[in-house]
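For reference, the chains in residue letters:
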Amino acid sequence: MQTYDLFDIIGPRMVGPSSSHTAGAARLGRMANKIAGGHVKRAHITLFGSFATTGRGHGTDKAIVAGILGMEPDDERLRYSMLLAKEADVEISVDFSEELRDHPNTAEIEIETRSGNITRVCGASIGGGSILITEINGLEMELSGDYPALIVRHRDAPGVINTVTNILANEHVNVAFMRVFRHARRQDACMVIETDSPVSERVCRLILDWNENISGVLAV
Amino acid sequence: MTGYCFTSGEELIAICKKEGLTISEVMLRRQQELSDNTAESILKELKTTLHAMKRSVEEGLTEELESVSGLSGGDAMRLNDRAEKNALSGALAAKAAAASMAVVEVNAAMGRIVAAPTAGASGILPGVLFTCAKERGWNDEKLLSGLLTAGAIGSIIAANASISGAEHGCQAETGSAAAMAAAALCELDGGSADRCLNAAAIALKNVMGLVCDPVAGLVECPCIKRNALGAMNALISADMALAGIPSLIPFDETVMAMRSVGRLMSPDLRETARGGCAATPTGRAIRKKLGLNEIEEE
Numbered sequence: 001m002q003t004y005d006l007f008d009i010i011g012p013r014m015v016g017p018s019s020s021h022t023a024g025a026a027r028l029g030r031m032a033n034k035i036a037g038g039h040v041k042r043a044h045i046t047l048f049g050s051f052a053t054t055g056r057g058h059g060t061d062k063a064i065v066a067g068i069l070g071m072e073p074d075d076e077r078l079r080y081s082m083l084l085a086k087e088a089d090v091e092i093s094v095d096f097s098e099e100l101r102d103h104p105n106t107a108e109i110e111i112e113t114r115s116g117n118i119t120r121v122c123g124a125s126i127g128g129g130s131i132l133i134t135e136i137n138g139l140e141m142e143l144s145g146d147y148p149a150l151i152v153r154h155r156d157a158p159g160v161i162n163t164v165t166n167i168l169a170n171e172h173v174n175v176a177f178m179r180v181f182r183h184a185r186r187q188d189a190c191m192v193i194e195t196d197s198p199v200s201e202r203v204c205r206l207i208l209d210w211n212e213n214i215s216g217v218l219a220v
Numbered sequence: 001m002t003g004y005c006f007t008s009g010e011e012l013i014a015i016c017k018k019e020g021l022t023i024s025e026v027m028l029r030r031q032q033e034l035s036d037n038t039a040e041s042i043l044k045e046l047k048t049t050l051h052a053m054k055r056s057v058e059e060g061l062t063e064e065l066e067s068v069s070g071l072s073g074g075d076a077m078r079l080n081d082r083a084e085k086n087a088l089s090g091a092l093a094a095k096a097a098a099a100s101m102a103v104v105e106v107n108a109a110m111g112r113i114v115a116a117p118t119a120g121a122s123g124i125l126p127g128v129l130f131t132c133a134k135e136r137g138w139n140d141e142k143l144l145s146g147l148l149t150a151g152a153i154g155s156i157i158a159a160n161a162s163i164s165g166a167e168h169g170c171q172a173e174t175g176s177a178a179a180m181a182a183a184a185l186c187e188l189d190g191g192s193a194d195r196c197l198n199a200a201a202i203a204l205k206n207v208m209g210l211v212c213d214p215v216a217g218l219v220e221c222p223c224i225k226r227n228a229l230g231a232m233n234a235l236i237s238a239d240m241a242l243a244g245i246p247s248l249i250p251f252d253e254t255v256m257a258m259r260s261v262g263r264l265m266s267p268d269l270r271e272t273a274r275g276g277c278a279a280t281p282t283g284r285a286i287r288k289k290l291g292l293n294e295i296e297e298e
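Line by line, the protein sequences are chains X and H.
The numbering used here applies: residue 1 is where the first sequence begins, and numbers increase by one.
The numbering used here applies: residue 1 is where the second sequence begins, and numbers increase by one.
Quick caveat, the hints were computed from the structure, so don't treat them as lab data.
No residue lacks a Cβ here, since even glycine has one placed at the ideal position from N, Cα and C.
Treat the hints with caution; some may be incorrect.
Derived, one-sided and incomplete: chain H residues facing chain X with beta-carbon distance under 7 angstroms [said to hold, decoys possible]: (1) 32; (2) 107; (3) 114; (4) 115; (5) 147; (6) 159.
Same shape as in the complex, but just chain H:
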């Protein structure tokens, strides 16, 4: 491997500083090295992805959806209505949360989404990016940079820990997505590479230990609402970093801490649908109603 490859935040920052590049610029060059493709062809492919993301947000905010199980659908529209009138959490944040929920509702209804980094956490990145783009006037080209920065953060987390709920719980899915989105927002709003890593670290720390406990094993409850939380997490983490607040624990150490916590997690809390929300009386009743076997007690 040559010039632009990194597997830690520290290496990434070193390249950014040495070359005078942003995280997204380094990530594009790294992708060129890894894939042997031109920057143009990578960005073209990424643009197709961006448009698929945009469509999933629009679909979830405008169409009456119902999931295959009948457990979810329509909540994103409800929250978006309130966001446009008088949301306590503020119009931008509530709209971003609604947009994030929209994507995961589309996902549950067997619509088309982009995993970012997973299907269960697919709402957070597009939710905050498109909502903030409207507010800030960011164009598609700028949003592509956002996806690159998010990809850089995600690739470090995936290489050193995991982005899978089955391995490290929800902290690894919606936590990673929030960290990716926070870093992307930070760069797009003018933050330095250092601040982007602070934003990512803060977002990861905020949900450290979050378990993966899908009711009936379906990517619906509590996943859809956790994407709303993930959007809020990304926004406030980016704002903290942009305000100059550092993360006391550096990004790389936070990733390793998330991994240790994931390893300490009981398998019941890692996507097996045997703990947390899934094991509540209501969760069990839903499972039974859907015709699934009862949760096996160990």
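Okay, chain X solo, but in the shape it has when bound:
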């Protein structure tokens, strides 16, 4: 049986009208911004399923844009996000797709940063404002955004996980949840480690430099 605490029931504080279609959507946008590393120049959003059919009336597009601009789900400027994006010189385009995805409330967000990096994040709003990031740049994963998280891109090879968990242990970072995803044996893989405390930039660099099989470390 799942345990619900006080703030699961009395909360979240949010801009309406829908915890899944608005608050969750804003969180998806914010996670996409963090994963892309901020400094957004252009964002292309594709909405699927129920996001696509009732998204306009629920302000789903506005909420995702607000998140991409770094706003929290309870930011009252959320309804003006399209205007704010224009003012901030962030180019926005939105597609409402008829294609169906695994989860009815799915969004795909492609972000190009000022320095020209392109990141594609796919995620779903799974109810009550909770979200799940399901894909980053084509690599499937599961990331809730409820905890500080470390995303480590690496080659599937023995000892890589050991490197990462050892460094975290030495830095007194407690791991709450951890999962490893891979495309195929000995190929592109990804670790998602949700932690009790945030992982610093210094620790991220340490992990990146330690093992040649690790190609990217991102704290979100």
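Take the given structure of chain X and dock chain H to it, following the hints.
Same frame as chain X, now just chain H:
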């Protein structure tokens, strides 16, 4: 899990009796255990939530609002006007209903609200709490206890059944919110823990089977008016419990009954906007006007 964790009404009452505590006091201790935070920091966070609730009521009762779809806005002010003059249902009840509608109108206009337990049922708890606080002279500290008691009831319903309209229909949203609010009112007005659970059970029974049928899939019609009903439900359920009227069916059994009813409900009646009000000729016409696809017949 240790001392203060509960997942049923029976367990909650047992802890209240053993420790000589109210439901809100047990809930605060449970939250301390679950979150590893101090009582002070939990209450501080809860106070921010209480103030956000208060602002949403005030905003909805004083500002001209219109929802994004254009379907709603301004009804809370209309009802509040009548409540202040000569409402048939009495000034307090009508004002509480108006305040509840106000929050959901703010929600539909993309304003800031607190889900309690959901956005669609966000009006009931603040609506009755702030209206009764004025009448009874309850201060913020007392209202925080109300939120804790409401949270306790909601957490039991969520764990054993659901608070989501997509799962169990509107009975799980405005029904749960009314049950939470009824228990909160009961405790704040001096009722025992037993009576609080009676109040919650009565409120849930009153709307058992209520379907979730939002026109065009939007949290507006019939949601806003159902929050008004939820406020009335909370008030009368609290009054019944405080008058010493028991709930023949105990709270825990009522929650399980709500779950069975939810499971018997057709998906058309669970937030999919394919049944009930949403499927009426008017509901369909509104849907079409807003540029949405027609309801798919199975």
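Comparing the hints with the structure gives:
no.	hint	in the structure
1	32	10 angstroms, violated
2	107	3 angstroms, holds
3	114	5 angstroms, holds
4	115	5 angstroms, holds
5	147	5 angstroms, holds
6	159	5 angstroms, holds
In this structure, only the earlier hint numbered 1 is contradicted, and the remaining ones agree with it.
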